[in-house]
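This note's numbering puts the sequence shown at residues 83 to 538.
Since the hints were made in silico from the structure, they are not lab data.
Simulated DEER-style distance windows between Cβ atoms:
| id | residue 1 | residue 2 | range |
| --- | --- | --- | --- |
| 1 | Asp132 | Glu214 | 29 to 35 Å |
| 2 | Leu495 | Ala146 | 47 to 53 Å |
| 3 | Arg244 | Glu154 | 19 to 25 Å |
Yeah, the Cβ is synthetic: ideal placement off N, Cα and C, and Gly gets one too.
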Amino acid sequence: MIRIANGQGFWGDSLEAPVHLVRRGPLDYLTLDYLAEVTMSILQKQRARDPKTGYARDFVDLIARVLPDLKERRVCVIANAGGVNPKACCEAVLETARRQGIDVRVAMVRGDDIMDRLDDFLKRGVELNNMETGEPLSAIRDQVRSANAYLGAFPVAEALGRGAEIVVTGRVADPCLALAPMIHEFRWERGDWDKLSAGIIAGHTIECGAQSTGGNCQVDWETIPDMADIGYPIVEAEPDGSFVITKHAGTGGRVNLDTVKEQLLYELGDPREYITPDCLANFTSIQLAQVGPDRVRFSGIKGRAATSFYKVSISYSAGYKAIGSLVYAWPDAYKKARAAEKILRQRLDRLGLRFDHIRVEFLGANACHGIAAAEPTSAAEPLLNEVVLRFGVRGENRAAIERFTREIPPLALNGPPVVSGLGSGRPQVEEIIAYWPALLAKREVQPEVTVWPSES
Numbered sequence: 083m084i085r086i087a088n089g090q091g092f093w094g095d096s097l098e099a100p101v102h103l104v105r106r107g108p109l110d111y112l113t114l115d116y117l118a119e120v121t122m123s124i125l126q127k128q129r130a131r132d133p134k135t136g137y138a139r140d141f142v143d144l145i146a147r148v149l150p151d152l153k154e155r156r157v158c159v160i161a162n163a164g165g166v167n168p169k170a171c172c173e174a175v176l177e178t179a180r181r182q183g184i185d186v187r188v189a190m191v192r193g194d195d196i197m198d199r200l201d202d203f204l205k206r207g208v209e210l211n212n213m214e215t216g217e218p219l220s221a222i223r224d225q226v227r228s229a230n231a232y233l234g235a236f237p238v239a240e241a242l243g244r245g246a247e248i249v250v251t252g253r254v255a256d257p258c259l260a261l262a263p264m265i266h267e268f269r270w271e272r273g274d275w276d277k278l279s280a281g282i283i284a285g286h287t288i289e290c291g292a293q294s295t296g297g298n299c300q301v302d303w304e305t306i307p308d309m310a311d312i313g314y315p316i317v318e319a320e321p322d323g324s325f326v327i328t329k330h331a332g333t334g335g336r337v338n339l340d341t342v343k344e345q346l347l348y349e350l351g352d353p354r355e356y357i358t359p360d361c362l363a364n365f366t367s368i369q370l371a372q373v374g375p376d377r378v379r380f381s382g383i384k385g386r387a388a389t390s391f392y393k394v395s396i397s398y399s400a401g402y403k404a405i406g407s408l409v410y411a412w413p414d415a416y417k418k419a420r421a422a423e424k425i426l427r428q429r430l431d432r433l434g435l436r437f438d439h440i441r442v443e444f445l446g447a448n449a450c451h452g453i454a455a456a457e458p459t460s461a462a463e464p465l466l467n468e469v470v471l472r473f474g475v476r477g478e479n480r481a482a483i484e485r486f487t488r489e490i491p492p493l494a495l496n497g498p499p500v501v502s503g504l505g506s507g508r509p510q511v512e513e514i515i516a517y518w519p520a521l522l523a524k525r526e527v528q529p530e531v532t533v534w535p536s537e538s
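Please take these sequences and the hints and turn them into a complete structure.
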């Protein structure tokens with residue numbers, strides 16, 4: 083049995099969780115999932131400004147904190163912190179280790195970044211059509227900011243097999259970070275579909291960090307103990323594909339059937355065909371059992387052969403947006419906010435400003451539920467002590483968006499009586515990064531593993 087924990091559900095998750103996972107109990111592998119679709123475009127922008135960046139720098143700081151513990155406890159780390167520049171990330175980790183006088187074997191997995199190959203693909207007739215709309219990539223080629231294929235677990239397992247203690251990757255499918263050590267330790271092979279699917283489901287269950295140990299849980303959330311010290315999830319994996327989800331003893335949170343079921347439904351399409359680079363996992367085959375306090379056992383998992391394609395995540399510039407807000411208080415909070423919206427629309431119209439889309443929300447008056455919620459009645463109006471008017475516009479014309487931002491602050495003094503509208507300053511114009519999902523034949527991508535110090 084091996085223990086695999088995940089200490090980051092996204093870039094910006096708890097800085098302390100990975101440290102606690104390493105120091106507060108037995109562990110064999112620590113995975114860290116930093117990348118979301120929009121993250122890749124952010125990192126690409128950073129690398130464009132400075133070729134030495136383009137990776138999750140928080141990861142290097144973390145390694146500096148825990149490297150002695152990792153070596154002493156023999157814990158291997160697998161992280162997709164490499165972003166669009168895994169080599170620079172590896173070099174920063176090696177430099178950190180050098181400064182501490184610690185020898186560590188670091189591996190890089192890359193090959194996912196296909197940004198520089200897009201024109202060649204299009205020239206050869208590889209259209210990279212949008213999976214949702216069918217449009218060819220050529221329609222937005224000039225706006226593309228990043229393009230990465232979701233690699234699978236086998237290159238990561240190869241890195242472990244070559245002695246890596248820290249594995250840094252670019253874009254690898256999230257659950258594959260946890261599947262890789264199972265492939266390595268248990269000698270699973272391509273074609274062991276049920277076992278690979280079990281590993282994928284294990285990785286999926288822990289990929290969002292504490293979301294499977296009671297965080298963000300809808301069921302009995304008020305009774306979940308000590309969320310201030312919530313434990314992050316650990317997979318106790320076995321060679322036959324069965325596994326237990328648990329957490330370190332003495333930590334807060336909860337692991338039970340409810341918490342793991344909520345996470346299992348996260349980003350789930352067809353539960354019979356959860357498509358990953360390494361297999362198609364069948365979530366309807368999962369057998370769950372509570373086998374002890376904070377221990378849920380998974381068994382009976384089935385799967386099928388992988389497809390011949392990688393999914394590709396492409397980000398592209400899709401115009402600009404700006405969002406401003408004003409706070410209105412009792413009495414007549416909602417009425418004031420609605421009046422301010424009307425005034426703002428009239429002023430924008432008189433200025434001749436046109437936008438692709440305008441979005442208005444009244445926070446405090448059922449904004450989260452939109453048209454599904456009833457309009458506040460006159461009887462309910464006295465109960466609305468404060469309402470936030472949130473007014474946003476988007477479009478291709480940056481100048482028009484910029485002009486809009488100058489119409490929000492004046493409403494504080496030349497509109498209905500307001501509590502606050504200037505605390506956060508004038509709204510900022512932001513570039514909109516949109517998502518373009520596509521498929522690419524696996525034969526077009528060659529994952530590459532490099533290990534430092536170089537092997538003799």
